[in-house]
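Chains as they are written, first to last, in our numbering: chain Y, 1 to 247; chain A, 248 to 333; chain X, 334 to 535.
Calculated directly from the structure, the hints in this document are not laboratory data. Any given hint could be a false lead.
[What the hints assert, rightly or not] Here are the computed distance ranges between Cβ atoms for each label pair:
#1 X:534 to A:281: 31 to 37 Å
#2 Y:11 to X:525: 32 to 38 Å
#3 A:327 to Y:190: 54 to 60 Å
#4 X:475 to Y:11: 53 to 59 Å
#5 X:522 to Y:153: 53 to 59 Å
#6 A:321 to X:522: 19 to 25 Å
#7 Y:228 to A:326: 27 to 33 Å
#8 X:476 to Y:166: 48 to 54 Å
#9 X:441 to Y:35: 58 to 64 Å
#10 A:321 to Y:21: 29 to 35 Å
Every residue gets a Cβ at the ideal spot worked out from N, C-alpha and C, and that includes glycine.
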Amino acid sequence: MARTALRGRLTWQVATVASVTRETASVVTIELDPPHWPGHRAGQHLDVRLTAEDGYTAEREYSIASAPGEPVAITVERLEDGEVSPYLTGELRAGDELEMRGPVGGYFVWEPGDGGPLLLLAGGSGIVPLRSIMRHRRRTGSDAPAYLLYSSRSWEDVIYRDELGQYHDGVQVSYTLTRGHPAGWAGHTGRIDQALLTQVAWPAEANPLAYICGPTSFVETAAAGLVGLGYQPERVKTERFGGTGGH
Amino acid sequence: MDAVDGNAIGGLLIDVFGTDMTAASSTCATCGASRPVAELVVYRQAPGTVVRCRTCGSVLMVFVRAHGAIGTDLTGLASLSQPGSA
Amino acid sequence: MSPVSRGFRQLHRAPVGQESRVPPGQYVTEGFPVLSVGPTPHTPLEKWTFSITQWGQAKKSWTWQEFRALPAEAITSYIHYVTHWSKLGTEWRRVSLDTLLDQAGYDAPYVMAFCDGGYTTNLPIADVTGGQAWVAFGYDGGPLEAEHGGPLRLLVPHLYFWKSAKWVRGLDLREVAEPGFSETKGYHMYGDPWREQRYAGD
Numbered sequence: 001m002a003r004t005a006l007r008g009r010l011t012w013q014v015a016t017v018a019s020v021t022r023e024t025a026s027v028v029t030i031e032l033d034p035p036h037w038p039g040h041r042a043g044q045h046l047d048v049r050l051t052a053e054d055g056y057t058a059e060r061e062y063s064i065a066s067a068p069g070e071p072v073a074i075t076v077e078r079l080e081d082g083e084v085s086p087y088l089t090g091e092l093r094a095g096d097e098l099e100m101r102g103p104v105g106g107y108f109v110w111e112p113g114d115g116g117p118l119l120l121l122a123g124g125s126g127i128v129p130l131r132s133i134m135r136h137r138r139r140t141g142s143d144a145p146a147y148l149l150y151s152s153r154s155w156e157d158v159i160y161r162d163e164l165g166q167y168h169d170g171v172q173v174s175y176t177l178t179r180g181h182p183a184g185w186a187g188h189t190g191r192i193d194q195a196l197l198t199q200v201a202w203p204a205e206a207n208p209l210a211y212i213c214g215p216t217s218f219v220e221t222a223a224a225g226l227v228g229l230g231y232q233p234e235r236v237k238t239e240r241f242g243g244t245g246g247h
Numbered sequence: 248m249d250a251v252d253g254n255a256i257g258g259l260l261i262d263v264f265g266t267d268m269t270a271a272s273s274t275c276a277t278c279g280a281s282r283p284v285a286e287l288v289v290y291r292q293a294p295g296t297v298v299r300c301r302t303c304g305s306v307l308m309v310f311v312r313a314h315g316a317i318g319t320d321l322t323g324l325a326s327l328s329q330p331g332s333a
Numbered sequence: 334m335s336p337v338s339r340g341f342r343q344l345h346r347a348p349v350g351q352e353s354r355v356p357p358g359q360y361v362t363e364g365f366p367v368l369s370v371g372p373t374p375h376t377p378l379e380k381w382t383f384s385i386t387q388w389g390q391a392k393k394s395w396t397w398q399e400f401r402a403l404p405a406e407a408i409t410s411y412i413h414y415v416t417h418w419s420k421l422g423t424e425w426r427r428v429s430l431d432t433l434l435d436q437a438g439y440d441a442p443y444v445m446a447f448c449d450g451g452y453t454t455n456l457p458i459a460d461v462t463g464g465q466a467w468v469a470f471g472y473d474g475g476p477l478e479a480e481h482g483g484p485l486r487l488l489v490p491h492l493y494f495w496k497s498a499k500w501v502r503g504l505d506l507r508e509v510a511e512p513g514f515s516e517t518k519g520y521h522m523y524g525d526p527w528r529e530q531r532y533a534g535d
């Protein structure tokens, strides 16, 4: 069994697509059924590889959206000039094969033993690994308080909207919308900045553990902001997606 | 194209080192700064993959896939150590 | 053996009649990929110079004003990335390296291009003279954007595009062929896309 687990983690394998579920106009969640899945940790990702008939290949990384113990799933946002994401969000369907490798990542992970209080900052599709963390926290009965601040272009672009609305005990979820908001919007607007972080973040004295994920510029601004609030750099974990998509 | 960080090359590092290296501690040979590999600055398709120190910008690692192998240049690194390793 | 991904099509083929312009192993892109080994530098133009150097000295230097007074032309070239992308019909405003090298005078078989940010790339003098190489300051009708190498980049379309060094600040005349940044990391010393010279040993 250990040998199987090792092979599953380090080598490419061909998974069957169990389902493709639309989350927003440009985002889908793909549930996969890999032949050898060793399980994963909240926050990890998968590598995905596509091969065209002429042998051309393209590889990308996608954060795992499901919690440890749930069927492995990734959430993919269609990028305007993307090469892989239009295929995954527009063409792929249940029953197709998808070559993948994983789980990958030993840094941007959370386990109940890591405690909190947790500050989760999501920029656009950066919500994906944070949702895995939030689900894991709930499934394990962790009492670490958690605050999620999710930056998105618009309310229609918020991924997992219904699910996020159902967190209560020990979890606060707030949003900042950067390119437009519904009438009567009571949440935040504009990009995350020092002022907003000062308002919502756990105080540094609480020794919080922060996870920031999203486009590079979002992560840099947010991480600098938390360090500016006195957060210990070793307790500010970052994952940059590159580009400017999603927030 | 924005730089990403060491999280994005987790798979590549498994190919090179045989294990996950994103949580490993890296030390820059130029300025001495230490941080997890996940927090290093990564330029993909440089061509090749170029990994730089977030403090001083020096090149720490360069990976080039060629001829079925991965050319690995680590001359900018002073050290790499896995957490919890003996 | 990786399975073919159903419905994943590599759509990027050469336009009809242009197939002979695309080297082997390349796909055509409409985009303009940004390939960088490091952050985009920003040297103020009032401090910027381009130099032809040898033995640690500048044989000739141009300020931005002096450089922009040189004869320039707008020409369309095809460019070929080692990452398997070719881009057809790129229009550059450029100054011929023949102009710069002739003004400086040169007597060396090789050059090493040096750039803001520290990137270097090596070329034979025979490949940067005779109307084969330029320095480009304009792209597609406008100034060359910083992320694409502005204010000035090398342009050597007959070799893989890593030789067309971004943010170029000069050429150092060399007696011996020494590898530049990419070449020391495993890329081919010469880089002819028509012979698929991507990596050392190709």
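Consistency of the hints with the structure:
1. For the pair residue 534 of chain X and residue 281 of chain A, the beta carbons lie near 35 Å from each other, so the given range of 31 to 37 Å is met.
2. Taken as a hint, the range 32 to 38 Å holds for the pair residue 11 of chain Y and residue 525 of chain X, whose Cβ atoms sit roughly 35 Å apart.
3. Taking the beta carbon of each, residue 327 of chain A and residue 190 of chain Y are about 40 Å apart, not inside 54 to 60 Å as hinted.
4. Under the hint 53 to 59 Å, the C-beta atoms of residue 475 of chain X and residue 11 of chain Y, about 47 Å apart, miss the expected range.
5. The beta-carbon spacing between residue 522 of chain X and residue 153 of chain Y, approximately 47 Å, falls outside the hinted interval of 53 to 59 Å.
6. Taking 19 to 25 Å as the suggested C-beta distance range, the pair residue 321 of chain A and residue 522 of chain X conforms, at roughly 22 Å.
7. The given range of 27 to 33 Å is respected by residue 228 of chain Y and residue 326 of chain A, whose C-beta atoms sit roughly 30 Å from each other.
8. Between residue 476 of chain X and residue 166 of chain Y the beta carbon distance is about 51 Å. The supplied range of 48 to 54 Å therefore holds.
9. A beta carbon spacing of about 59 Å between residue 441 of chain X and residue 35 of chain Y agrees with the range 58 to 64 Å that was offered as a hint.
10. Taking 29 to 35 Å as the suggested C-beta distance range, the pair residue 321 of chain A and residue 21 of chain Y does not conform, at roughly 42 Å.
Of the numbered hints stated above, those contradicted by the structure are hints 3, 4, 5 and 10, listed in ascending order.
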